[in-house]
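Undergrad: Below are the chains, spelled out letter by letter.
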Amino acid sequence: MAIDTQQPGHRLDKRPGGSGPPNRVRRVLEDNGALTALAVLVLVLSFWTGNFFTTTNLLNVGVQAAVTAILAFGVTFAIVSGGIDLSVGSVAAFSGVMLGWFTTTQGMPVFLGVVLAILSGTAAGLVNGILISYGKLPPFIATLAMLSAARGLAQVVSEGSPVVLPDSLTWIGKTMGEWLPVPVLVMIAMGLLAALVLNRTYSGRSMYAIGGNEEAAHLSGIRVRRQKLVIYTLVGTFAAIAGIVLASRLASAQPTAANGYELDAIAAVVIGGASLAGGVGKASGTLIGALILAVLRNGLNLLDVSAFWQQVVIGVVIALAVLLDTLRRRA
Amino acid sequence: MTTPDPPPARELLRTEGIRKTFPGVVALDGVDFDLRAGEVHVLLGENGAGKSTLIKVLSGTYRADAGRVLREGKAVRITGAEAAEKLGIGTIHQEFNLVPHLSIAENLFLGRQPRRFGLVDRKKMEADAKVLLERVGVTAPPRTPVGKLGIAGRQMVEIAKALSLRTRVLIMDEPTAVLTAEEVNRLFVIVRKLRAEGVGIVFITHHLEEIAAIGDRVTVLRDGRSVGQVSARAPQDELVRMMVGRSIEQQYPRETVQAEQAAASAAPLLRVTGLHKKGVFENIDFEVRAGEVVGIAGLVGAGRTEVVRAVFGADDYDAGRVEVAGKRLPGGDVWASHAAGLGLVPEDRKGQGLLPDASVAENLGLVTLREASRGGLVDRAGQRKAASRIADRLGVRMAGLDQHVRTLSGGNQQKVVIGKWLLANSRVLILDEPTRGIDVGAKVEIYQLINELTASGHAVLMISSDLPEVLGMSDRILVMSQGRIAGELTAREATQDAVMALAVGTSAPGTSEMEDSPRGH
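Top to bottom, those sequences are chains U and S. Count the first sequence with the working numbering and you get residues 1 to 331, in order. Count the second sequence with the working numbering and you get residues 332 to 852, in order.
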């Protein structure tokens, strides 16, 4: 639709300010493959399509990234600790439906509904945690079971059809002061919270220790089982908040919402530089990963690429991102 | 058989001026080495001297930056594991490359199974495997899953695999480190047999006494350079001097008598009574006083590690009592043990002691993570400061606190594991094989550290399979055999013979650790 046919190379040369960029910027980019990829992607799209680099569109990208990013922050906890959580999409839908049920069906006050919805997702996460730490199920299996169970519960509670949310709730999906989208604000807040948890809290540092070497963590006095409980419960909380944002944006809670989002979330974490083997990963990386996915989808839409091809491109990008990162580390 | 002066045998392998650098580190800085047919050439050096790097260059894992490798006089390029295999160079790494769930035969012929009409010819494979296994003296049937073999058995399977590849140059990286004395003897029989067949063997060991027993020549590496080549009959102190560039006056600096007097009057810090775990150990009673080093000797499999893990709370036990400074521990709770002042340095440093890909600072701060938390937040600056202080005190040689511990030498890694417990103010330290795989220089540093700790009122419980070490460093020695404490010896009455007699004492002949017969159910 809006393919700018001007030679991109010509303009690329001029824009980034001659010999200006200090070495520091270069080093940051080199140290962080995903950030470089995001920068390149934004640059290319800015020059290729005239309407990518506009405030409206960029905020739009932010809104599109928000739900994936919030889910992915939670999944980062699981992956850093050497586990995985496949249930976040279903738990998000379940929490959204619970929000609708509490506020619309039961007519509870909005504030209380939000709190109870967050608690619902948290409870689902807690069940994951119990199965993993005390039931000794592999995280893959426990959360695979929850993927099915939570989705089913969402259908049961909503009786299979969308629940319309009260008007007083949908502001979460809209903008503040006419232009600042609330989902983006929530994403930033959750990102900061995730970074704080990972870097500064006892649980966060334990995640790195457990993912780095579970036996060494155990022998160093870290209560591994209890920490796993905390980890998967937290993932559930993050999924619930993502579900609330998603439902508010759509103004209705749908039991089929966020289907397959767990894979996007895992992709965002991995693109962001985390290792599925555990012990490595950052909230900032995860944010970048989620932004890359959103920018890509948005850009491909602007370029009028069909939805089918978009999936192919995103698959290629995931493979490339991780491949480049692996190569860079090996060098 | 003693080796007569070797006739000038055919040269199998020669390296000239091998150099290899990694970012910030020169790992090899001109290594000259040669290997003849039918000799055992020992490669000796402290950890970090470059032995592993040299092996990795010869086995194709690394490419040298400079220098030449000659195979029977011809310059060759070893570009990968496959190239090394084609050149007849086989390597037995410390970590074996075997698939535990597959049978011995399948492991021997992995990726090159004999085939008939495109299908694997099991019969032929197992028959061929049997022949190979006989050569290395393994009696287990070829169908046995490798996972059922003991360590010594697996090592023999690795050797058989190398033989099946027509290996002429066999590199063995610390093959004796994980073996019991008897297994070592049996390994030596096989190595001598291979030598007689004309195979050239590069043998790496930290045990100086093994050199005269098995070696013909010795090349010493220091700081990435080959600093000399001597006969394997050279006296040990000369070898040590070449390795460290200085002489180590006293290998075991323990001042036993003083310590004994000090300990006699002190209160027991650790008291274990009637500890029992069905089928694993029984009737374990002992105590360790402040200022004392108590050694635990015994054969591999006697239950030593199991006992200390239970004492520490890493595993559960069925009955008994563990008290630290008079306070009973709940059992099965590492955190409680730590809080009571107990610390464990586990036997498998990389697998159990460290977060290999985390920094020195993070590893040092692991145990104290909770104490360093206020209101849920960890004081990371304070942790870093503490880590820096302890790293200085222990003399950890590192590029900085942010260096990944994976890239430290074994001795420095061990200091980090000990350091995290010192940061936690543990008064009773359990050290399980604290110097395994560590070079002579670092060993002495660990011994000195043990002395410093006991002098300042700590108590040390040390498991060691290294008899001279256990005798040299302990004030009292508990000898374990088949899950029981077979006897206790004071430093003065303990001799190698006395310890061994207790260690093997009650076991019926033939049931001691025969590692090549399948165990399991």
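Hints listed in this document are in silico derivations from the structure and should not be mistaken for laboratory results. Positions of the beta carbon are idealized from the N, C-alpha and C atoms, including for glycine. Treat the hints with caution; some may be incorrect.
Stated by the list, open to error - In silico negatives: residues of chain U with every beta carbon more than 12 Å from chain S: (1) THR49; (2) GLY62; (3) VAL197; (4) THR201; (5) TYR202; (6) HIS218; (7) LEU219; (8) SER220; (9) ILE222; (10) VAL224; (11) LEU229; (12) GLN254; (13) GLY279; (14) VAL280.
Claimed, not checked - Sample of chain U residues at the chain S side, in silico, Cβ under 10 Å: (15) GLY160; (16) SER161; (17) PRO162; (18) SER168; (19) THR170; (20) ASN199; (21) GLY204; (22) ARG205; (23) GLY211.
Claimed, not checked - Here chain U is said to cover these stretches of chain S; the calculated rule only asks that three of the stretch's residues, wherever they fall, bring their Cβ under 8 Å from a Cβ of chain U: (24) 438-449; (25) 542-550.
Undergrad: Taking the least C-beta to C-beta distance, is GLY204/U closer than 10 Å to chain S?
TA: Since the shortest Cβ distance to chain S is 8 Å, the answer is holds.
Undergrad: Taking the closest Cβ pair, is SER168/U under 10 Å from chain S?
TA: 33 Å, violated
Undergrad: For GLN254/U, is the shortest beta carbon distance to chain S beyond 12 Å?
TA: 36 Å, holds
Undergrad: Examine each Cβ of chain S, and state whether all of them lie more than 12 Å from the Cβ of ILE222/U.
TA: Label violated. Min Cβ-Cβ 7 Å, cutoff 12 Å.
Undergrad: Does the interface hint hold: is ARG205/U within less than 10 Å of chain S, judged Cβ to Cβ?
TA: 5 Å, holds
Undergrad: Is the shortest C-beta separation between GLY160/U and chain S less than 10 Å?
TA: For GLY160/U, the interface hint is violated, since the closest Cβ of chain S sits about 41 Å away, which is over 10 Å.
Undergrad: Measuring Cβ to Cβ, find out whether VAL280/U lies farther than 12 Å from everything in chain S.
TA: Contrary to the label, VAL280/U does not stay out of reach of chain S, its closest Cβ about 7 Å off (not over 12 Å).
Undergrad: Interface hint check: PRO162/U, Cβ to nearest Cβ on chain S, cutoff 10 Å. Holds or violated?
TA: With a closest approach of 39 Å, the PRO162/U hint is violated.
Undergrad: Was VAL224/U rightly flagged as not at the interface, with every chain S Cβ beyond 12 Å?
TA: VAL224/U not clear of chain S: closest Cβ-Cβ about 9 Å, inside 12 Å.
Undergrad: Just checking, THR201/U versus chain S, shortest CB gap more than 12 Å?
TA: Incorrect as stated: the minimum Cβ-Cβ distance to chain S is 5 Å, not above 12 Å.
Undergrad: Taking C-beta pairs only, is SER220/U more than 12 Å away from all of chain S?
TA: Not fine: 4 Å to the nearest Cβ puts SER220/U too close to chain S.
Undergrad: Mind checking the CB of GLY211/U against every CB in chain S and telling me if the closest is under 10 Å?
TA: Because about 9 Å separates GLY211/U from the closest Cβ in chain S, which is inside the 10 Å limit, the hint holds.
Consistency with the previously given hints fails for numbers 3, 4, 5, 6, 7, 8, 9, 10, 13, 14, 15, 16, 17, 18, 19, 24 and 25, ordered from lowest to highest.
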